[in-house]
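Number of protein chains: 2
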Amino acid sequence: MDEFELIRKLTRSLPTNDTVATGVGDDCAVLDLGVPDRQFLFKTDAVVEGIHFLPDTAPEKIGHKALARALSDIAAMAGTPIAALVTLGLPKKFDPERVAAIYQGMKPVADKFGVAIVGGETTTNPERVFLSIALLGWVPRGKAVLRSGAKAGDAIFVSGDLGGSLSGRHLEVEPRIAEAHWLARHFHVHAMIDLSDGLAGDLRHVLQHSGVGAELLATSIPVSRAARQAAKASTSAKPPLLAALTDGEDFELLFTLPSRSAVPLLDGWKEQFPKVKLTCIGKVVAGEGITIRDQQGVRKLSAHGYVHFA
Amino acid sequence: MDEFELIRKLTRSLPTNDTVATGVGDDCAVLDLGVPDRQFLFKTDAVVEGIHFLPDTAPEKIGHKALARALSDIAAMAGTPIAALVTLGLPKKFDPERVAAIYQGMKPVADKFGVAIVGGETTTNPERVFLSIALLGWVPRGKAVLRSGAKAGDAIFVSGDLGGSLSGRHLEVEPRIAEAHWLARHFHVHAMIDLSDGLAGDLRHVLQHSGVGAELLATSIPVSRAARQAAKASTSAKPPLLAALTDGEDFELLFTLPSRSAVPLLDGWKEQFPKVKLTCIGKVVAGEGITIRDQQGVRKLSAHGYVHFA
Numbered sequence: 001m002d003e004f005e006l007i008r009k010l011t012r013s014l015p016t017n018d019t020v021a022t023g024v025g026d027d028c029a030v031l032d033l034g035v036p037d038r039q040f041l042f043k044t045d046a047v048v049e050g051i052h053f054l055p056d057t058a059p060e061k062i063g064h065k066a067l068a069r070a071l072s073d074i075a076a077m078a079g080t081p082i083a084a085l086v087t088l089g090l091p092k093k094f095d096p097e098r099v100a101a102i103y104q105g106m107k108p109v110a111d112k113f114g115v116a117i118v119g120g121e122t123t124t125n126p127e128r129v130f131l132s133i134a135l136l137g138w139v140p141r142g143k144a145v146l147r148s149g150a151k152a153g154d155a156i157f158v159s160g161d162l163g164g165s166l167s168g169r170h171l172e173v174e175p176r177i178a179e180a181h182w183l184a185r186h187f188h189v190h191a192m193i194d195l196s197d198g199l200a201g202d203l204r205h206v207l208q209h210s211g212v213g214a215e216l217l218a219t220s221i222p223v224s225r226a227a228r229q230a231a232k233a234s235t236s237a238k239p240p241l242l243a244a245l246t247d248g249e250d251f252e253l254l255f256t257l258p259s260r261s262a263v264p265l266l267d268g269w270k271e272q273f274p275k276v277k278l279t280c281i282g283k284v285v286a287g288e289g290i291t292i293r294d295q296q297g298v299r300k301l302s303a304h305g306y307v308h309f310a
Numbered sequence: 001m002d003e004f005e006l007i008r009k010l011t012r013s014l015p016t017n018d019t020v021a022t023g024v025g026d027d028c029a030v031l032d033l034g035v036p037d038r039q040f041l042f043k044t045d046a047v048v049e050g051i052h053f054l055p056d057t058a059p060e061k062i063g064h065k066a067l068a069r070a071l072s073d074i075a076a077m078a079g080t081p082i083a084a085l086v087t088l089g090l091p092k093k094f095d096p097e098r099v100a101a102i103y104q105g106m107k108p109v110a111d112k113f114g115v116a117i118v119g120g121e122t123t124t125n126p127e128r129v130f131l132s133i134a135l136l137g138w139v140p141r142g143k144a145v146l147r148s149g150a151k152a153g154d155a156i157f158v159s160g161d162l163g164g165s166l167s168g169r170h171l172e173v174e175p176r177i178a179e180a181h182w183l184a185r186h187f188h189v190h191a192m193i194d195l196s197d198g199l200a201g202d203l204r205h206v207l208q209h210s211g212v213g214a215e216l217l218a219t220s221i222p223v224s225r226a227a228r229q230a231a232k233a234s235t236s237a238k239p240p241l242l243a244a245l246t247d248g249e250d251f252e253l254l255f256t257l258p259s260r261s262a263v264p265l266l267d268g269w270k271e272q273f274p275k276v277k278l279t280c281i282g283k284v285v286a287g288e289g290i291t292i293r294d295q296q297g298v299r300k301l302s303a304h305g306y307v308h309f310a
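Listed in order, the protein sequences are those of chains E and V.
Using my numbering, you'd call the opening residue of the first sequence number 1 and step up by one each time.
Using my numbering, you'd call the opening residue of the second sequence number 1 and step up by one each time.
Honestly, I wouldn't trust all of these hints.
Where chains are identical, the list cannot tell them apart; a pair therefore holds if satisfied intra-copy or between any two copies.
In silico lysine to any residue, SDA-like type, Cα no more than 25 Å apart, as pairs [what the hints assert, rightly or not]:
(1) LYS238 to GLU215
(2) LYS107 to THR16
(3) LYS283 to HIS181
(4) LYS61 to ASN17
(5) LYS143 to PRO258
(6) LYS107 to GLY25
(7) LYS143 to ASP32
(8) LYS300 to HIS209
Since the hints were made in silico from the structure, they are not lab data.
Start from the sequences and build out the full structure, keeping to the hints where you can.
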């Protein structure tokens, strides 16, 4: 049992009340606040200097990434964002102009997705910038797409390309909110998650919540050019497929739906979102764990998702 | 213009939408989510190791303080909490048992006030624990008590004793939610805030938002025993009155209401909350700034509230 497992176990007995439709463990909490046709989503997500961005990262990009990451969790529930709060831990004497630039970086993202920034807090974190976003959103009642609905026989899809995000793409997260809305409106999506820890790790979350396993097809995994280039440039870099499975910070959608929907989905998506790749990477199977099929046959996937404490 | 002023100025032009009834600048944001008789409160509040607690502070007390502080902001709007998210930035190899103990410290506070803890996040903050609480709450529609309603002629009240909180009381914050509900139900409270930065600083927030000034009576300020003892123990400590005005971290309620309500308020409060002191400390006046009346006459109060970047 790793540290995350322990924390997860400890947080299972947390205080609850009758507003809670879905508590700890999904991309967002789902709350019932007394609106007949809606439920509400509640989520926080933090980025930390030296972990999620570097000391010399442009402050506008820090702001963009922080808000976009949090919105990606709203997308993963097929939700719509409403309002955000910004918590900024800053070293003493941090340049106020840099704070302004962090906020400036959030503004276009907030405008694009209709999010109000309604306040927040500035406090001291002496060694590094710590930026947490709290988000409130909504979904039509009963329509939040959880991690727990994957069924044996489902096809597994991912948007975009995976791996090598840290070479730059992670600063330009594009929350897949429009895509998720379209999916939820036109298909019976069984389970969805956004890829933050890496395909292998995040798929495992879906499988564990759903009590099923998965078989992936190695040649189908959409490996990013950044991951291929990194592997070419250095023999010590991860092989491209491993990078796509484990790098993390992709912020793409991973979802499952009945395999009979696969063809209409691919056709409709291509028309709606011609610039965003959509790939079927495998299928949900009975059992547990992930296997991957390549030239050598079918192997158990032992690679882990990106783990924050590693 | 200090750094906070600049940040405040910069955040005034933030993205908004039609859910926002009150945005940046009050104890909580007030949101309209489509419930006819309710509005919702949204707030984050962070505590940081070495700033708001010490490395050797018992982890249960850290959890208690973090959640109770955030609830104090809900109290300051006369609201009721619903659900909380916990963001924990932790040094690598932080003992999971200490994480469990932080959560354990939150549990009795959450239970007492009916708050569900619906998730959160654990990330890395290498040098120190950074703990932010995001809270959602509600108020009857139109009944959130803002900072902006103080009127010349109002009497100014504070609950509890002030100053010297850092000697221990700050770890035992008691959110004044029941008191705030009772106040809002029985009196026309014009303005309210919770005391986090110190009486002088927080009263100034109310006055600036309301476009008025205040005259305090020095002998009325309820100075805590801790502040008196600290002054007695060391000649380098703040004089007790200054401590009560500027120490911060009191988490008591400061509010104003028509002076004709002062006597029924004091009588009713004593009956309802016999263990919590309530004191009239002065009055709201036309103009701006704070004056304080003592044996030497009336002086302008130049002392600042506790400023995080000082």
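These are the hints, each one checked on the structure:
no.	hint	result
1	LYS238 to GLU215	within (22 Å within a copy, 68 Å between copies)
2	LYS107 to THR16	between (34 Å within a copy, 10 Å between copies)
3	LYS283 to HIS181	within (23 Å within a copy, 54 Å between copies)
4	LYS61 to ASN17	between (38 Å within a copy, 23 Å between copies)
5	LYS143 to PRO258	within (17 Å within a copy, 48 Å between copies)
6	LYS107 to GLY25	between (29 Å within a copy, 18 Å between copies)
7	LYS143 to ASP32	both (13 Å within a copy, 21 Å between copies)
8	LYS300 to HIS209	within (19 Å within a copy, 62 Å between copies)
Taken one by one, the earlier hints all hold for this structure without exception.
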